[in-house]
Amino acid sequence: MSQMQEELRQKAKELLEKGEVRYIIGWGKGRFHHRPPIFIYQAEDVDKLVWDEYCVANLGKYLLDDKFPEGKIGICVRGCDSRAVVRLVQDKQVKREDVCLIGLPCTGKVDQEGRELVKCRDCMHRNPPVYDIVLGEPVEEKGNPDRFKRVEELEKLSSDEKYEYWSNVFDKCIRCYACRNVCPACNCRECFVDQYRVGWQGKQKNCMQNQIFGLTRAYHIADRCIECGECERVCPVGLPLMELNRKLIKDLNSLFGPYEAGVNPDVKPPLGEYRLEDPEEYM
Amino acid sequence: MQFKKSDLPKILDSMAKEATVLAPMKVKGNSKFAPWGTEGELDFGAQNVLLPPKDCLFPQTEKMYRFETDGLKVNDFEVINESRPTVLFGLKGCDMQSILCMDDVFLTKGYVDDFYKKKRDDLLTVCINCTTVAKECFCDSMGGSPNGHAAADIQLYDLGESYQVKAQTEKGQKAVDSWQQYCNKDEGEIKEIACELKVDMDGVPEKLAGMFEHPIWEEISRKCVGCGICTFLCPTCYCFDIDTTKDGAEGTKFRCWDSCMFSEYTRMAGGHNPRPSKKERVRNRFLHKLEYFKERYDKNLCVGCGRCVAKCPVNLDITSFIDQVKEVASHE
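Residue numbers (this note's numbering), protein chains in the order written: chain A, 435 to 717; chain B, 1051 to 1382.
Bear in mind the hints are in silico, worked out from the structure with no lab data behind them. Some hints here could point you the wrong way.
Computed cross-link-like contacts, BS3-like style, restricted to lysine-lysine with a CA-CA straight-line distance of at most 30 Å [to be verified]:
(1) A:K463 to B:K1329
(2) A:K447 to B:K1076
(3) A:K606 to B:K1078
(4) A:K606 to B:K1185
(5) A:K606 to B:K1076
(6) B:K1078 to A:K553
(7) A:K482 to B:K1185
(8) A:K526 to A:K702
(9) B:K1076 to A:K482
(10) B:K1076 to A:K681
I would like the entire structure built from these sequences, with the hints used as guidance.
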């Protein structure tokens, strides 16, 4: 890890000194085990960059804060961050030529007790699929044979049981919208939740309104979820949001063929294009 | 006076006959103050309960009145202000302090909020001292203490196998009198502890008063994701919105928690937003916690419970911010 960190700092220094990027988005040191996102503008600050097993936050979303940058933005990308950037580029939120992707093959991150994060356990792309520079050696992909295991279990429930299960889940939601705010697929200029005058979403916190939020969001990102698992990681009340996202991915795969969002920038999301052979039975 | 920990369920049972007893419980994986006797198990772990107790005085969604209309005429109008005797059992010092902050807001300076007051009058507070602290705890830097709170109706001290009881108000004494059958006259030695995480608040509110235009806000807010975790887990964040649901002629007015971290929070009727970016929102939250409230009520609005420090997805940490404020030069 520390060798990679050294390489990263060297590369960052070089990019900043040569003026190839205006700043670099990476991870820095926080109060405890935290490695919060940091923004490095000066070559002399590159030693603030950290690369270790605690760099958990997905960085892609920060590109939305600077959509018309004065110069390129350098951004550290693991597999999940790289897919997030592809997501944003495909959604025409970010221009590919505005970013310089510094690829970091990743062997998974841990929480403060040293346990592997769920999102990393389920990761299928430890190597960034898209990058401009890559550091270190590629790591072995482990795949995720259990990707839809939980979904299949839930599919076996009766309608009533499913309703009860999801009601229990969303009953706990506190509507902090952290899942939405970290999600690279949630890049609407104005979220339906905030369209107060239209009134899609009531501000009451109750099971029904919570479900309206959770289900609408899930459907809204259906073919664009990059499975980074950030929604689940940040949820303060531990909702199993990826179960819902994976159910939709599984259904889309069976309707339109296998698709993984954010992996190949040239393949459009299934709901984002029309093909003559698209199935019609669901219409 | 003491009672054995093994008698605690009986004491809670007896109180639950006349009141809703809210105790720290683990309910479906989440720790919160939940009614004793419902699903879940008592959880007096070292870490504070995840969800703050403010919901019992200031519910996340609270019906205020219902009405029935006929065109522009209101036919029926009824204020809904429901409350019943409630015990908040097992508060830590930080959460007790948060209730005092809320009292200031909802009960003082010439305006009394009836909805809050009714619930507050019905509330009995029972504090327990902390025997361990979480690494994010810093209450003793913010004017509180892990060793108890003088404003609680009853203060309990954890002695390992038993609790030592100290009634601190008349209301508290009355409740303790009803526990007599479980209590003996023993007095034990109370161990005091301190938080490991320290911040130095000396001069911070005064310094912040001159820092509204300081570049620090741009810098620290950069990583903020703009979610409401910090405000909704905060025991003292009290901002709310009022809205209506209407179904045909009948409707209900309700108020619900709002968050200054949301863009919609300050958006005005014409669409203008005086806090257009996260810089202004983070600035407002930290200044409210550390400066404005101190000026108005002479208390820190941050009680050092550590919830936001533990749960912020990107470690936008108020304690690191306080450290930084001490270090930076005031903005000229």
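Q) Looking at the structure, which of the earlier hints fail to hold? A) Checked against the structure, the hints that fail are numbers 2 and 9, while the rest are satisfied.
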